[in-house]
Structure formats: C-alpha cells, structure tokens
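Line by line, the protein sequences give chains S and U. Under this note's numbering, the first residue of the first sequence carries the number 1, and numbering increases by one thereafter. Under this note's numbering, the first residue of the second sequence carries the number 472, and numbering increases by one thereafter.
If you are wondering where the hints come from, they were derived from the structure by calculation, not from laboratory data. Any given hint could turn out to be false.
[To be verified] The calculated lysine-lysine pairs, modelled on DSBU-like cross-linking and capped at a C-alpha distance of 30 Å, are:
1) S:LYS286 / U:LYS641
2) U:LYS587 / S:LYS356
3) S:LYS87 / S:LYS286
[Claimed, not checked] Far from chain U, some chain S residues (derived; all Cβ distances over 12 Å):
4) LEU14
5) LEU118
6) ILE155
7) LEU191
8) THR196
9) ALA202
10) PHE219
11) VAL400
The beta-carbon is built from N, C-alpha and C at its ideal position, and this holds for glycine as well.
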Amino acid sequence: MLFAPELLMLIGSLVLFCLCLGQGKENLARYASLVLAIASCFLSLATLQMNDNLFYDAYRIDMFSQLFKLAISIGLVIVLLFSGELKGVDDRLRPEYFLFMVLSTLGLMMLVSSVELLTLFIALELSSYSLYLMVPMRDDHGGMKMQMEAAIKYILFGVVATGTMLYGMSFIFGMTGTTYFSELVPKMHELATTPTAMLAIALFMSGFFYKLAVFPFHFWVPDVYQGASNATTAFIASVPKLGAVAILIRITTLVAPTGGEAVVNMLMILAVCSMFYGNLSALVQKDIKRMLGFSGISHAGFVLLGLLTLKDTGYATSMYYIAGYVFMNLACFLVICKVSKNGENVSIDDMSGLYKRAPILALTLLVGMMALAGIPPFVGFMGKFMLLTGALRDGHLALVILAALNTAIAIYYYLSVVRVAFCSPPEDRPDVPVDLATRCVSIALIAVIIFMGVAPKQLLAVAETAVRNIF
Amino acid sequence: MDFLIMNEGFPLLSTIVFLPLAGALVLLFLPGENVQRIWAMAVTSVNALISLPLYSRFDSTTAKYQFGEHVSWIPSLNINYTLGIDGISLLLVLLTTLILPLCVLGSWTYIKTRIKEFMICLLIMETAMLGVFMALDFVLFYILWEAMLIPMYLLIGVWGGPRKIYASIKFFLYTLAGSVMLLVAIIALYLKNGSFSIPMMMGQDYSSTFQIWVFLAFFLAFAIKVPMFPFHTWLPAAHVEAPTAGSVILASILLKMGTYGFLRFCLPITPLATLTLGPYVLWMSVVAILYGGFTALAQSDMKKLIAYSSVGHMGFVTLGIFFLNKQGMEGAILQMINHGVTTGALFLCVGMMYERTHSREISDHSGIAQNLPIFVSFLTIFSLSSLAFPATNSFVGEFLVLAGAFSVNKVIAGAAIPGAILAAAYMMRLLQHVLFRGPGRPDLADLNIREIVTLAPLLVFVFWIGLAPEPFLSVMHTSVEYLIQQVDVAKTAQIAMNIVP
Numbered sequence: 001m002l003f004a005p006e007l008l009m010l011i012g013s014l015v016l017f018c019l020c021l022g023q024g025k026e027n028l029a030r031y032a033s034l035v036l037a038i039a040s041c042f043l044s045l046a047t048l049q050m051n052d053n054l055f056y057d058a059y060r061i062d063m064f065s066q067l068f069k070l071a072i073s074i075g076l077v078i079v080l081l082f083s084g085e086l087k088g089v090d091d092r093l094r095p096e097y098f099l100f101m102v103l104s105t106l107g108l109m110m111l112v113s114s115v116e117l118l119t120l121f122i123a124l125e126l127s128s129y130s131l132y133l134m135v136p137m138r139d140d141h142g143g144m145k146m147q148m149e150a151a152i153k154y155i156l157f158g159v160v161a162t163g164t165m166l167y168g169m170s171f172i173f174g175m176t177g178t179t180y181f182s183e184l185v186p187k188m189h190e191l192a193t194t195p196t197a198m199l200a201i202a203l204f205m206s207g208f209f210y211k212l213a214v215f216p217f218h219f220w221v222p223d224v225y226q227g228a229s230n231a232t233t234a235f236i237a238s239v240p241k242l243g244a245v246a247i248l249i250r251i252t253t254l255v256a257p258t259g260g261e262a263v264v265n266m267l268m269i270l271a272v273c274s275m276f277y278g279n280l281s282a283l284v285q286k287d288i289k290r291m292l293g294f295s296g297i298s299h300a301g302f303v304l305l306g307l308l309t310l311k312d313t314g315y316a317t318s319m320y321y322i323a324g325y326v327f328m329n330l331a332c333f334l335v336i337c338k339v340s341k342n343g344e345n346v347s348i349d350d351m352s353g354l355y356k357r358a359p360i361l362a363l364t365l366l367v368g369m370m371a372l373a374g375i376p377p378f379v380g381f382m383g384k385f386m387l388l389t390g391a392l393r394d395g396h397l398a399l400v401i402l403a404a405l406n407t408a409i410a411i412y413y414y415l416s417v418v419r420v421a422f423c424s425p426p427e428d429r430p431d432v433p434v435d436l437a438t439r440c441v442s443i444a445l446i447a448v449i450i451f452m453g454v455a456p457k458q459l460l461a462v463a464e465t466a467v468r469n470i471f
Numbered sequence: 472m473d474f475l476i477m478n479e480g481f482p483l484l485s486t487i488v489f490l491p492l493a494g495a496l497v498l499l500f501l502p503g504e505n506v507q508r509i510w511a512m513a514v515t516s517v518n519a520l521i522s523l524p525l526y527s528r529f530d531s532t533t534a535k536y537q538f539g540e541h542v543s544w545i546p547s548l549n550i551n552y553t554l555g556i557d558g559i560s561l562l563l564v565l566l567t568t569l570i571l572p573l574c575v576l577g578s579w580t581y582i583k584t585r586i587k588e589f590m591i592c593l594l595i596m597e598t599a600m601l602g603v604f605m606a607l608d609f610v611l612f613y614i615l616w617e618a619m620l621i622p623m624y625l626l627i628g629v630w631g632g633p634r635k636i637y638a639s640i641k642f643f644l645y646t647l648a649g650s651v652m653l654l655v656a657i658i659a660l661y662l663k664n665g666s667f668s669i670p671m672m673m674g675q676d677y678s679s680t681f682q683i684w685v686f687l688a689f690f691l692a693f694a695i696k697v698p699m700f701p702f703h704t705w706l707p708a709a710h711v712e713a714p715t716a717g718s719v720i721l722a723s724i725l726l727k728m729g730t731y732g733f734l735r736f737c738l739p740i741t742p743l744a745t746l747t748l749g750p751y752v753l754w755m756s757v758v759a760i761l762y763g764g765f766t767a768l769a770q771s772d773m774k775k776l777i778a779y780s781s782v783g784h785m786g787f788v789t790l791g792i793f794f795l796n797k798q799g800m801e802g803a804i805l806q807m808i809n810h811g812v813t814t815g816a817l818f819l820c821v822g823m824m825y826e827r828t829h830s831r832e833i834s835d836h837s838g839i840a841q842n843l844p845i846f847v848s849f850l851t852i853f854s855l856s857s858l859a860f861p862a863t864n865s866f867v868g869e870f871l872v873l874a875g876a877f878s879v880n881k882v883i884a885g886a887a888i889p890g891a892i893l894a895a896a897y898m899m900r901l902l903q904h905v906l907f908r909g910p911g912r913p914d915l916a917d918l919n920i921r922e923i924v925t926l927a928p929l930l931v932f933v934f935w936i937g938l939a940p941e942p943f944l945s946v947m948h949t950s951v952e953y954l955i956q957q958v959d960v961a962k963t964a965q966i967a968m969n970i971v972p
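Turn these sequences into a full structure, and let the hints steer you where they fit.
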C-alpha cells in the first residue's frame, strides 16, 4: 500500500510499453495514461497520512513526499487533459510519448521519496532521461530541426549539471561516510562551517538548480521551451519543478540552522540574479513560450527566498509557492496549447483579440498571467507576500526590496500578453474552438488559483506539518 | 480590540462589500442585454439603500471604528478579516455606493458591446473599492487595493477610446509600481508589531528614521493614486480614454483612495515623519494646484480639462490634510466628497455629450445652450460648483481648507489662492464656449429622463452640502479630532526628546 502510487505508475508504464508495440493505439494510450494519472492522485491522497521507510531505509513515505506526489499527479492529469491530443507530435510516436511522460512522472514521484543519495540519483535520471526523449518528439516545422537543437542543449546541460551534482555528492560521502539523509543531517550540521561542506552542498544543489532553472543553470530554458512541442513544454515547465523544490528543501536541511551563512549568501545571490535575469530578458520576448521560460527563471528566484530562511515556515511557503506556480503556469500553457492550431509555436501577437475568439481562454489567460505577476487575490500574490514576509523577518531587507522591484518589472510583460488578448482586434485570426473538457479544466484552474490565494490557511498548515517531519 | 466597536447581529459591512460581487456572479448567467443592465442597476441601487443605515446608526461621539467585524483569516501570520468604519471613511463609503448606480445609468446606452462583462467589471470594482475604505487589516487592504487594478484595466482597455492601450498600460504600471514598496513597508511594520491590524500599528514608538522610510513608501503609493504633481501623468491619459463610467469611478472614488491613505496611514502610523516631511508635501500641493489650473486653462478637450482640474482640486485636499489642523482636515475630507460629486457629474455630462456628438472638443459643442437648455443648466451648476462658487458644495470645502491654511502658514495659503482664481478662469472659459460662442447644434436632442435622473441626485448634493454642510461635517468631528491628537502626541514627545537629550 505504501508504494502504491509508484507501483501503479510502474505497472502502467509496462502496459503503455505493450501498447507502443502495436500500431494505431494512440487514443488507447492517451486514455490509459489519463486513467493512470487520476488513479495515482487518489492513491497519493489515500497514503497521505502514512509514515514508513522502505527498501532498507532508502525510501521514505511521509506526508511531505505524498503531498508532492499528489501535486505531481495532479499536474500530470491537467497536462494530459488539455494537451492529450498531442498536436505537433507524429501519430506513430504518440504511444511512446505517453510512455515517457508517465515514466518521467514515476521518476519524479520516486525522487521526492528518496532519502538516500544513490536512490535519489537514479530517480532523478529516470525522470530526466524520459524528458530528454520527449523534447525531440515533435514534427519538424519548416525544416529548422529546432526540436533537435533543443534536445541536444537540454541533454548536454543536463549531463553537466548531473556531473556537478555527483561531484558534490562524492564530497558529502567522503566527509561523512554515509549516503543516508537521516545520518547525513547530524553529521553535516557538525561540519557546517567547513568550506568543504559548503562546497559540497552548493554542488549538490546545482543538479536541482538545473531542474528548477535557477541562474546560472538556466541556459537550456528558452531554447528548450521554444523547441519542444507545446505539451512537452507545459510538462517540463511545471511538474519537474515540484520535484526539484522537494529535493532542494531536503538538501537545505543539511545546512545547519546556524552557521550556514555561506550557503544563505549563495542562495541570495542566485535568487537576485535569477529574478533580474529572468524578468529583464522576458521583457523583450516575442514568443510566448520563451517569455514564460524567462518568467520561470525569475519565479525560481522567488522560490529560493523561502529556502534561504532555513526555517520550516520558509520551506512550507516555498512548497505553497511552487504548487501555486504549477497551477498558474498550467493555466497559461492551457491557453497556448489551445490557441496553437497544429502544434506550432505561438507568438504573443497570436493572442490578439482572444477575448472575442474564445472568451473562456482569454479569462484563463488573464487569471494565469495576473497570478504570475503577483496581483491579488490570486495565489501568486499570496505566495510572494509570504515569501517576502519570511525573508524580511530574517533581516534580508535589501533582498526583499530587490524582489519587490522585480514584481514591478515583471508586470510589464505579463500585462503585454493580457493587452493583446483583450485590447487588440482579432483581425482575421480564426475563433478558437473550446471543448467541454478544456472548459472544465479552465474553470477548475481559475477556481484553484483564486481559492489558494484567498484561503491559504489550511494549505499552509498542511505544508508546515509535512515539512516539520521531514526526518 | 478596544479600537473596534463590534457589530452585533447582521453583518452590515460584509453585506455591503460582497453584495456587488455576488451580483456579478449571478450576472454571469443572465441572458439578454437589458436584463443584464437592469440587474446591475438593481444590485448597485440595493447596495446604496442598505448602506444608508450606516449613516443613521453611526455614533458620531466616538472615534472608534464602528460596525466592526473580525474573523481570523491566516492565523500563522496573524492576518485577519477586520472591517470597520469611522468618521473619515463613512462618507467615502456612502459616496461609493451612491456613485455606482449612477455609473450604471450613465453607461446604459454608452456601452454597446459586451454589456455583461462591463457590468461585471463595475460590480467587482465596487466590491474592491468599498473594501479598501472599510479594511482595518493591512493585508486585506493591500489585496483589495491591488485587485481593483484588473477590472479598472479592463474597463479602460476594452471599452476605452482610440488610445486605450497606451492609457490602460500606463495606468496599471504606474499604480502598481507605486505600491510595491508599500508592500515592503507593510511587512516591515508587521515585523515591528506582530500584527497586520492597522489601528494597532498607530501610535507606536517607531524610530524617526524608520518612520521616514515607511512614510516615503506610503507616500509614493498614495501620491500616485491622488495623483500629486509630478506623479499625475497617468491621469489625463486614463481619463480621456476611459468610458464615462470608468472616468467617473476614477475621478470620484479611485483618486480619493490616495488621500484616504494619507489620512488613515501616513498621519497616525508615522506622525513624526509627517511632521518632518509635511511642509514639503504642502509645497507639492501648491504646485499641483497651480499646475493643474494652468494646464486646464490650455485644454481644448473637455475630459482633459476636467482631468487637470482634478489635479488642482486634489491639491487642495492634500493641502488641507497636511496643515494638520481640524478645520483644514475637515475641509479636506469634505472636499474629497465634493470632488467626487462634482467631478463625477461633470464627467457624466461630458459622456452624455460624447454619445451625441462623438467628440470631446470644446469647439464642437459651442453654442449648444440654445438647443439643449436642460443639459446646459446642469453643466453650468456643476461647473460653478467645481470653481467653488458660494452656495455650492466646493465652496464650503475650499473655504474650510483655506481657513485652516491661513491660521497656520499664510505664505503657503496665499500661494494657493491663485489656484482658486484659475479654477474660475478655466471653468468660465468652458462655459463661455459652450453657452454663447458659435452657431449651436440644432441636430442634438436634449437630455432624456434617464439622463436627468442620473444627474439629479448629484445636483441635490451640490446644494445640500453647499447650504447645510453640518450633517456631513458632524459625523467626522470626533474622528478628525482624534487623528490630530494622535499626531500631536508624537509632536509633544518629539519636543520632550529634544529638551531632554
């Protein structure tokens, strides 16, 4: 029962593998993966209160891991619901595509439960390699082989980041002689002030900075977002970030609550650089996916604000923020996937007059963009507000002011998307057909974004209990 | 919670705040444009009616916040849902509930496309604006303060004039950029107090450096909203491009939020900084009055003229506030209401003409007095009120402000006087062109019943406040005295500090 969500995904991926062998099974594969994702939501929910160690203590089931698994499964459900028809992916590849999507999710679900370095590494690679394969699975638009370029960039940067991470792990093992987090934490706290420990933690984190797209591990973001198909980008932009934040929280607990100044300073600098780099670059983008990529970099910087407080409340806020971010981001990608007719990339101008062409999509876009920009009453505001409160409580006044300035910069490019959607005439762009499922997902996303922003009380309480019992 | 008189029984304030929002939700499912118009009218009118008991049951003998409601919201950060009104916010709440039905009436035929969405935006705006005036928790305040940007942006951006994109983006960016530092200041205050409750932040012993930084963060946000010179450049653009209802809401209510912010936050929370920086604000106000007057004199677009006149009028309000005496402050609050009534009415008038002529140029309306006697009578009275003609509402307000000003600093008060003359000059110039110049426009029809009904309530208030202001002033006496006392406490403490080093 404890391993049920992962076991289900594992069996599911075997089923999908069998489906890949035949031909013309893409619809079957689609619904099979959707059913899998929904079932894993329920199983994660059912195991939420459980607490145990599996596989010789290398694998931990607790509220923290199950919450993340729940969020990951929900993310997968939403992605499958709105981009299940896989526009822009060759028919013959579709069953494989679903197989890799499910495998990647399986990797992420195992990742958030791993409390041993090698398990963690294997889980991370399982999820990464599936993603590396999903990126080039796209029709070649205009013979530019853009998807191939993106895939190469993605895998090369990924491998470098993994290498750095392994290097960091080797330091940690060398210093402590163990790979188990439960033994690592006290030993690392003792070694907290040694330069080697700082270096080890910094290198270890870099693997996940890559996943979360934190400066300076962000180089893959714009090209991969642009090169991969819309559905792939929607997935890459949201679900893996949950896993990355979960592990970053675990790694941050290795830093002693006192004496981790070097790591805190590093996180601060990375946060500020990510925010400025992401926001300033996003200002000039024409392709909406690239723009969201840069905005993702700046949001990653915001997530670090919660981590660098080294407090349970801060971690809980980061969890809340990244969960909110997944929903806001998916709301925007839903619109992108629907506006794109044959899976081609969407420029910001293609949103022109969206409120006449598809009012519900325009509303979703408005809510998603304004939430990303941090306008109340949406979740983006509440998350930023609490991150800033936590950081200022720790005395990082300069950091908070810089972050607040970034909110003001960011509003410009989010608003420019809303502007074309609402204020520009559609000219001769066709209406966008919206089916019932999309309509329901849109309304559900809007409701969740507003609800999380207006009533964060329970969510925060749950996140805080989860974080308190990490080890 | 000794600052709050709890409301027993029916939660009146919450009902007033959330009724428009509920109305907007119902409106989502209503078919038929006329049904949608009538529904919006019904919701806003009912809200205006149920807000009347706020006045009749208001206890003007206490400075505490009344009709209080308090519900825990996010306990881990000590954020609460706290509502309450005092003598300063009561009239602004009533002004808001009064103006909104008139906005709906004024856009009855003006808005021809997407009526449902338009009315939903108006109703959401009403909820946010009312919430801003009632909120006693800083997070609640900030959420509503920012949340209203989205519907306002859509009102200008979707239903606005030809340069709507430029105007709406400028409005949004300007106001948002101004308030991000407000958020940092709010968090800083929270960390000093452990609570986001606004009344609990007042009267605390903050260091004067801290107060100055907080004051500056507040000031930037509120001065942009007022807008004070040199932060006013978004206002003419937004006013000119906005549809009538948008202009009316901007002028009558949104601008008041800036001055309300000064009264509610700057003065009581950072009194030392107010005393230190107040004189600079006074001179800024004088500049705003003169600048607004001179610029209005040069306009040929009626909406721009009224927009710049707003800069000048709001300058009188900030002038009254920062002289920190009872007369000036009461005059300022009354002037806030007056400006809401008069300028709102003037924008409605311009909107009615725009529907007929599709022009806002003064020259296109020259000599219409022969053809539209009813309209011109309204326009004349509201114009006279705008230039503070005796027996109209603005006279009382400006008189009180200037009386307060002369009792403190004759130089600054004297410097503001030409502003009053300028007001007469530009309004008279407008009237002269509309009344007497030119051949007239025989093709235009005079106001219909709906339009007369839209303007008549504002006309009543012009004379009511002008001839018998006591019912309006009496509710604010205690609150204003208490506010001045809060500042004076800091003043004496500062003097004591200086004597005993």
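Each hint, compared with the structure:
1. S:LYS286 / U:LYS641: holds (20 Å)
2. U:LYS587 / S:LYS356: holds (14 Å)
3. S:LYS87 / S:LYS286: Satisfied, since the Cα-Cα distance of roughly 21 Å is no more than 30 Å.
4. LEU14: Consistent with the label, LEU14 (chain S) stays out of reach of chain U, its closest Cβ about 44 Å off (over 12 Å).
5. LEU118: Its Cβ never comes within 12 Å of chain U, the nearest being 37 Å, so this holds.
6. ILE155: holds (39 Å)
7. LEU191: holds (32 Å)
8. THR196: holds (35 Å)
9. ALA202: About 29 Å separates ALA202 (chain S) from the closest Cβ of chain U, which puts it past 12 Å; holds.
10. PHE219: Holds, since 29 Å exceeds 12 Å.
11. VAL400: violated (6 Å)
Hint 11 from the list above is the single one not met by this structure.
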